[in-house]
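Enquirer: For reference, the chains in residue letters:
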Amino acid sequence: MTKNNSLTQKSIPLYPAKTKMQVTIIFLVILGFYLFSMIRTQEDMVGGISGALGNMYVVIEKFFPPNFTILSAIWDSMLETIKMAIIATTIAAIITVPLAVLSAQNITTFKPLYYLTRTFLNLLRTIPDLVLAVIFVGLFGVGVFPGILALTVFSLGILAKLISETIESVDMNPLEAMRASGGNVFQVIWYSLVPQVAPQFTSLVLYVFEINVRASVVLGMVGAGGIGLVLNQQIKFYNYPNAMTIIIVIFVTVLIIEYISNKLREALL
Amino acid sequence: MENLQLPPKPEKSLFKKTRALIILLLVLALYVWTFVTIDIDWGRAIERSINNFHRVIPKLFSPDWAAAGEVGEAMLETIFIAFAGSLMAAILAVPLAFLAAQNMMGGKVTSTIGKWILSAIRAFPDLILAILFVVAVGPNAFAGVLAIAIGSTGMLGKMFSEIIESIDMEVVQAMEANGANKIQILFYGVIPQITPEFLSYAIYRFEVDIRASSILGIVGAGGIGTMIIFASSNRNWNEMGMILFGIIIVVTVIDFASARIRRKIV
Numbered sequence: 001m002t003k004n005n006s007l008t009q010k011s012i013p014l015y016p017a018k019t020k021m022q023v024t025i026i027f028l029v030i031l032g033f034y035l036f037s038m039i040r041t042q043e044d045m046v047g048g049i050s051g052a053l054g055n056m057y058v059v060i061e062k063f064f065p066p067n068f069t070i071l072s073a074i075w076d077s078m079l080e081t082i083k084m085a086i087i088a089t090t091i092a093a094i095i096t097v098p099l100a101v102l103s104a105q106n107i108t109t110f111k112p113l114y115y116l117t118r119t120f121l122n123l124l125r126t127i128p129d130l131v132l133a134v135i136f137v138g139l140f141g142v143g144v145f146p147g148i149l150a151l152t153v154f155s156l157g158i159l160a161k162l163i164s165e166t167i168e169s170v171d172m173n174p175l176e177a178m179r180a181s182g183g184n185v186f187q188v189i190w191y192s193l194v195p196q197v198a199p200q201f202t203s204l205v206l207y208v209f210e211i212n213v214r215a216s217v218v219l220g221m222v223g224a225g226g227i228g229l230v231l232n233q234q235i236k237f238y239n240y241p242n243a244m245t246i247i248i249v250i251f252v253t254v255l256i257i258e259y260i261s262n263k264l265r266e267a268l269l
Numbered sequence: 001m002e003n004l005q006l007p008p009k010p011e012k013s014l015f016k017k018t019r020a021l022i023i024l025l026l027v028l029a030l031y032v033w034t035f036v037t038i039d040i041d042w043g044r045a046i047e048r049s050i051n052n053f054h055r056v057i058p059k060l061f062s063p064d065w066a067a068a069g070e071v072g073e074a075m076l077e078t079i080f081i082a083f084a085g086s087l088m089a090a091i092l093a094v095p096l097a098f099l100a101a102q103n104m105m106g107g108k109v110t111s112t113i114g115k116w117i118l119s120a121i122r123a124f125p126d127l128i129l130a131i132l133f134v135v136a137v138g139p140n141a142f143a144g145v146l147a148i149a150i151g152s153t154g155m156l157g158k159m160f161s162e163i164i165e166s167i168d169m170e171v172v173q174a175m176e177a178n179g180a181n182k183i184q185i186l187f188y189g190v191i192p193q194i195t196p197e198f199l200s201y202a203i204y205r206f207e208v209d210i211r212a213s214s215i216l217g218i219v220g221a222g223g224i225g226t227m228i229i230f231a232s233s234n235r236n237w238n239e240m241g242m243i244l245f246g247i248i249i250v251v252t253v254i255d256f257a258s259a260r261i262r263r264k265i266v
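Chains as they are written, first to last, in our numbering: chain G, 1 to 269; chain D, 1 to 266.
One or more of the hints may lead you astray.
If you want the footprint, here are the derived chain G segments under chain D, 3+ residues with CB under 8 Å [said to hold, decoys possible]:
| hint | region |
| --- | --- |
| 1 | 32-40 |
| 2 | 83-97 |
| 3 | 134-141 |
| 4 | 211-218 |
| 5 | 244-251 |
| 6 | 254-267 |
No wet-lab data here; the hints were simulated from the structure.
Ideal placement from N, C-alpha and C gives every residue a C-beta, glycine not left out.
In isolation and in its complexed conformation, chain D is listed as follows (with noise of 0.2 Å):
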């Protein structure tokens, strides 16, 4: 009988070893860290949820049909900011993303610039930018449209670079053959390539600013948000179970409709 043994495997090398060594002691450390420090009140937690149950789950399970009225618009309003914000933030995107992409302005500085730039302005979580521009403007809805505004165009201007990074750019460089100018190229050499991609990006960013504005509220930037802060200071659960059935069932509508739009353009 022939002796099945599999063939022996290569030896790695001891600088490999103690390094994965090294990482996994440090992730572990982190772990320790994390675990032994987090401070919870268990006790309090389950003495708590205990006497709370009965009074915050079944209700958000049999909404406040009252309030139907009033979430709808309220919903409709957070439908607004989202709109407003995420078109604002795809016009302010592309001129930055173009500044970000290292095929297109030239120079690895300018891109290095439009890069940090787009991970400056990601670093700043929506509620932030809302509380700033709630205090700029007021508590209404347009803080609501700034912050999304802002907010998106971090992550728009990071995707539309990669995007436009990614292109043909033999393309381009035949136009510049035949004597096409820096317009003529950007009109038909570039646009025609980036412009199903940058559309399907912008209504997906569209679906995540719903999302977002949904929340905004909280400080003060209007839209549903100012529904869920009454309702959870008022602890009336019932009011804040048709608000989660209104923000679910407008999501829901609108990631579909997104979808749908984005697998047709692209």
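Chain G extracted, bound-state conformation (with noise of 0.2 Å):
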């Protein structure tokens, strides 16, 4: 009985000590960089996060009301936005798929192949899209060429390591049953392989062409055509309204396709 009562008496911690010294020192390091980022990142700025916080006001000042006169005018760079993400998911998912197939491990028996795929998807996904961008822009000139390459490029990268990723996690069963029954490499990828994956390729691709309207937005910015072009120039020219107006079409369509995109998914899983 006395031994019970020293044990519930001296209340044991539900962490060890050593667990709680890291997490405060981790936590320690953590905030202290944020401060120190916080710091560095306001040098620059006059009259500090105070007067940054009063010239909000004047943003909406600036850019309210928008002026919807301009919305015929901009309908016609707006659709050109989505053509360049229909066009270069398109490309991208034709092309992702010996790549994704290339690095998945479970398909890919032959290591070397593997690795030299996997290792050129990661470099390919560190490059941001608008380096991309300009670097395009800069090889064929100004215009939606180089911005479709450009998403192409980038959204393959997105899109292998994902597909990739839902081949290797696929039932290996069937595929052992096929292969043991004497189908070939092509016959066990298209009647054992496919089956599985198709719904969540599908799913995937719409996932990536939402990422891509939102992505040739911007293109734009660097003179690779869509609407980023014509927000760009009334961005140069100070005219405020009107950028506000192009800001919210591109808000509204985001909305709208990823709606559909995500009833879509709904219906396909």
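Both chains are sitting in their own frames, so use the hints and assemble them into the complex.
Expert: The following block contains the structure:
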């Protein structure tokens, strides 16, 4: 009885002291780094954070009311942006198939090839879409074409990674059964891998299409066609009411496309 | 010899057939419209690329090492922007996520409102937010921090709310049955379940934000993007090569580190 009492009286901490110490140190490091970054990023700001908050209403004053009379003029560029996204997503979805198969560990049993495609895709994904656009605009001149290329390369990296992960998580039993009954590589892929991956594949392509619409909006800022080009011009002319209209149009378009693609994906999965 | 024949496939209903046909036709029409009306000046693109190829591509692969110091500094600023922004977002996203999760604040109404707020935030591309904040606080790195913070809140809030919705509610019910109040349930029933995944997603978001903040400078919001826009308007492709090299190194290192940390947490 006395033994039990001494146990209940001394409350046992939920976590050992070492864990507590570690968590505290990590927390302090994060906090310190945060404060440091806040100070560094506000260094060359005039008026400090209070001035910035005061300025917020200047934005509202400058951007509102939006000038809706230009709606008909920007409609075409918005459609162009969507077209860019459609083409880029389609091309990426086609090229991605061999890349995704090659970078899936359970299908590509030849290790060097697997590591090669993996590394290539990882490298591809590190390059921001806008940098690709800047380079392609430098190569091909201002227009839609460099934008489509940049989007294709950019979405290829994401799509191939997501799809290869899907392929890696499939049920391997049908594949083995098919192989055991004498199917060749292409038969195995076509009859037991494709049916398992197809719904996810379509869903991921739609998801990347959403990303591409958003990305193609901003690509125009560096001259790669679409609505971003018009937005950039309006900002450069300090024509903020026009810019606000464009921003609202982008906002609504992105919301609609996201809604449609969400509904489609729900139906698929 | 036994007749080897597959059993007949089940008939598909007429409704399903017509629906599939209509969807196919719609998609086809969309593609025809897209490819017919897209305006690509092939002649100019080919001519330009023949002229420019040797001026651009080889230079990208021979980076200008003299700019390494400047690139390093700008990259450091990019990391600061991403860090401050994603930490702010991680904090802002928590209340919104609790609002949007169906199993926390009660009714469907609050959940729908929360979800609408989050998807409204997500509809703004980071760069558009950066434009707005550059006008508000001037062309500096802090505009970038704000753009990243708001932009990431949308995505993180959605992820967080999905995590909250997937927790084991039996723990919460057991605590309720034992007479725990709301605060106790939150601290002992909910938070221990969600913390590891919250941290994991926040760290993952930091990875994404490094990429996002590296381009914000294009509209004047600080970081390496400022150098990108200068290098591209000066056609200084050697410097662009160096910038690209810097971005690739930093992103790879941070991806690797974050993957390691996340594996440890979850």
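Enquirer: A separate judgement is required for each hint: does it hold in the structure or not?
Expert: Comparing the hints with the structure gives:
1. Given a C-beta distance limit of less than 8 Å, the hint that chain D covers the region 32-40 of chain G holds, as 6 residues qualify and 3 suffice.
2. For the region 83-97 of chain G, the stated coverage by chain D is satisfied: 5 residues place a CB nearer than 8 Å to a CB of that chain, which reaches the threshold of 3.
3. Counting residues of the region 134-141 of chain G whose C-beta lies closer than 8 Å to any C-beta of chain D gives 7; at least three are required, and the coverage claim holds.
4. Coverage of the region 211-218 of chain G by chain D holds. Counting CB-CB distances below 8 Å, 4 residues qualify, and the rule asks for three or more.
5. Using a Cβ-Cβ cut-off of 8 Å, 3 residues of the region 244-251 of chain G lie near chain D, which meets the minimum of three, so the contact claim holds.
6. Beta-carbon proximity to chain D at under 8 Å applies to 3 residues in the region 254-267 of chain G; the threshold of 3 is reached and the given coverage holds.
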